[in-house]
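*Asks:* The chain contents come next:
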Amino acid sequence: MKLTDLTLKELWHRKSQLISGLLAITLGIGVIVGIRTISVVSEKAVAVNLDNLGANILVLPQAASVDNYYSADIDAPTFPESYVEKIVTSTLPGVDNMSPKLTRRVKIGNENVVLTGILPKSEIASKPIWQKGGLLGNHVNASCSPSPGTQPAKYLDEKLQRKGIDTLAESDCFIGSAVAQKLNVKENGTLTIENKTFKVVKVLPETGTVDDDRVFANLHTVQALLGTGEQISAIEIMGCCAAISDGLLGKLRNILPDTRITTIGQIVSTQIETNRLMNKISLVFLIIIIFVGSISIGNYIWANVNERRKEIGILRMIGYHKRHIYFILILKAILMGLVGGIAGFIVGTFAAIWLAPQFAGIQVSPIYTLLLISIAISIVISVVGSIIPAYMAGKIEPFSNMQED
Amino acid sequence: MIIQINKLTKTYQRHDGAINAVDNLSFEIPKGSFVTITGASGSGKTTLLLMLGGLLRSTSGKMLYNGNEINLHNEEELAKFRSNHVGFVMQSFALVPYLTAVENIMIALNVKNSDKAKNRKRAMELLEWVGLDDRTTHYPKELSAGQQQRVAIARSLANNPDLLLADEPTGNLDPALSEEILTLLSEINKNHNTTIVMVTHSPMAAEYGNVKIQLQNGKIISHN
Chain A
1 MKLTDLTLKE
11 LWHRKSQLIS
21 GLLAITLGIG
31 VIVGIRTISV
41 VSEKAVAVNL
51 DNLGANILVL
61 PQAASVDNYY
71 SADIDAPTFP
81 ESYVEKIVTS
91 TLPGVDNMSP
101 KLTRRVKIGN
111 ENVVLTGILP
121 KSEIASKPIW
131 QKGGLLGNHV
141 NASCSPSPGT
151 QPAKYLDEKL
161 QRKGIDTLAE
171 SDCFIGSAVA
181 QKLNVKENGT
191 LTIENKTFKV
201 VKVLPETGTV
211 DDDRVFANLH
221 TVQALLGTGE
231 QISAIEIMGC
241 CAAISDGLLG
251 KLRNILPDTR
261 ITTIGQIVST
271 QIETNRLMNK
281 ISLVFLIIII
291 FVGSISIGNY
301 IWANVNERRK
311 EIGILRMIGY
321 HKRHIYFILI
331 LKAILMGLVG
341 GIAGFIVGTF
351 AAIWLAPQFA
361 GIQVSPIYTL
371 LLISIAISIV
381 ISVVGSIIPA
391 YMAGKIEPFS
401 NMQED
Chain B
406 MIIQINKLTK
416 TYQRHDGAIN
426 AVDNLSFEIP
436 KGSFVTITGA
446 SGSGKTTLLL
456 MLGGLLRSTS
466 GKMLYNGNEI
476 NLHNEEELAK
486 FRSNHVGFVM
496 QSFALVPYLT
506 AVENIMIALN
516 VKNSDKAKNR
526 KRAMELLEWV
536 GLDDRTTHYP
546 KELSAGQQQR
556 VAIARSLANN
566 PDLLLADEPT
576 GNLDPALSEE
586 ILTLLSEINK
596 NHNTTIVMVT
606 HSPMAAEYGN
616 VKIQLQNGKI
626 ISHN
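In order, the protein sequence lines correspond to chains A and B.
This note's numbering applies: residue 1 is where the first sequence begins, and numbers increase by one.
This note's numbering applies: residue 406 is where the second sequence begins, and numbers increase by one.
Chain A on its own, in the form it takes in the complex (with noise of 0.2 Å):
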């Protein structure tokens, strides 16, 4: 008969006692664990979201400013399209998906549009280290993922995954809405630009931005009838929000040093505004519960302490030092922690699967590594909470299983 022996035999004597004591740090523990498994999808469905709005980091000539990319003046500055190849050597870590664009204002007929230069996938298929950098617009896997090694979401919505243009042949060119109304032209249309006829393969729909202004044409068709060799005015980048926050932008500025570097403030902002305000409200409930918690395990294993004062002067009685008291509490207090924290987990996870897809519609899959963490936090819970019953406990007298009830 050891002191664990007397633990186990102690808490299965008192069963009743025990499931109420385990309810409480369970559900506790299965709060934090709902809301978190729930919070880390919903900031990942957020970020997938946030992704399809378009790229977030603009580089830039040193000279431009954001104005001059969107004004797309004769003379706004340029940089070498090589600058593509840096990024994409360089393997950045959060850059999921990068667009070179040369853009300029130029006039038809007595209309001015925006002419841009782009690059379709199969140009960028032809150069293998391209692809490598995520060049071929992929599907975007929630890479703002806050937790490395949990699943990544899917998009539930197929109409949601960005899509790249495949093939832009030479001659080939994609309009704007504005524009097309504007020069009354349709798909399958014609259209001369600086004396260069180009085929309209397709309209593209409204989306009430500076694009429905744009005509979209291959990158070097562009730069050849431009006559800027191989320059661009930018690179459009999709970096990853956690990522940005990490620095990406300063390494970014450390491989191209002559460039201009920002973000498209708002939608970064959002991102990772709602990634903070998720953590926040976890940690929010963490607090309530580690608190309120703590509180009420402390108050059960008072209540024990008390039921179990003739039990505990007996112990001191032949022999037992207050040392093995505090043994005997702290061992309840962390099997308990340990049993309520995989409870907790499991009731947490549960009802995150249950509930999630009814209420937020987005799937929920396990956190493993929640699992863990419950059981550290229901674990401190429980000992915090017992410190004090158990130290008061090491203050009952020997002779105290002598006084009547």
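Hints in this document: simulated from the structure, not taken from any laboratory.
Among the hints, erroneous ones may be present.
Stated by the list, open to error - Taking lysine-lysine pairs in the DSBU-like style, the calculated list, with each CA pair at most 35 Å apart, reads:
id, chain 1, residue 1, chain 2, residue 2
1, B, K526, A, K322
2, A, K310, B, K467
3, B, K526, A, K395
4, B, K523, A, K395
5, B, K526, B, K546
6, B, K546, A, K322
7, A, K310, A, K395
Just so we're clear, the structure is a prediction, and the values are computed from it rather than from any experiment.
Starting from the known structure of chain A, arrange chain B on it as the hints suggest.
*Replies:* For chain B alone, coordinates are given in the frame of chain A:
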């Protein structure tokens, strides 16, 4: 002498002033004796027994065990003294309710030796000695009062104490069972040369002692 006490006093502070439950007592207990302490309620006999067993710290005075002074103010030393030298038998049996008879004895053995198998063997021997070898896996509530007291006596002998302190050990038993328990204590005293100090109300029980002390208001009024 196994115990020598010198000017031992225990004072309780109450709202109406201080009261000496044990008042400046000095006496000796010979090794191997069977001492009975009697007295009316409130005479201080249980308080004295608690101090002899190191369960209660004295207010002043000295106690020597086998010639060595016991620090009556050091909790850790008192705990060691109890586990090494003293066995206790209480009126209420003082058994842990969720442990079986054999486990109740093993918890006393575990203080000094953590060898589970060895402790179980020793506990079984003790239960056999008190005639309960067929009740080893019974819980206290499954045993009669007499059987519970036998388990308590077996536990008190677990660590081969030199001194066995009994507080009203027959207080909850009928006369026949009382005699059985007192006979068992006498056997322990004679066969193991264990010194027994027993507090009792019962004149019949007091007759089992070969040293008799009577207390009144914390003082000895007779000692023979």
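*Asks:* With a cut-off of 35 Å on the C-alpha distance, tell me whether K526/B and K322/A pass.
*Replies:* holds (27 Å)
*Asks:* Holds or violated: K310/A with K467/B, Cα cutoff 35 Å?
*Replies:* holds (28 Å)
*Asks:* Assess, step by step, whether the Cα of K310/A is no farther than 35 Å from the Cα of K395/A, and give holds or violated.
*Replies:* holds (13 Å)
*Asks:* Does the structure keep K523/B and K395/A at a Cα separation of 35 Å or less?
*Replies:* holds (31 Å)
*Asks:* Does the structure keep K526/B and K395/A at a Cα separation of 35 Å or less?
*Replies:* Roughly 33 Å between the alpha carbons, so the hint for K526/B and K395/A holds.
*Asks:* Checking one constraint from the list: CA of K526/B to CA of K546/B, max 35 Å. Satisfied?
*Replies:* Judged against 35 Å, a Cα distance of about 23 Å means the pair holds.
*Asks:* Can you confirm whether the C-alpha distance between K546/B and K322/A stays at or below 35 Å?
*Replies:* holds (28 Å)
Against the hints set out earlier in the document, no violation occurs for any number.
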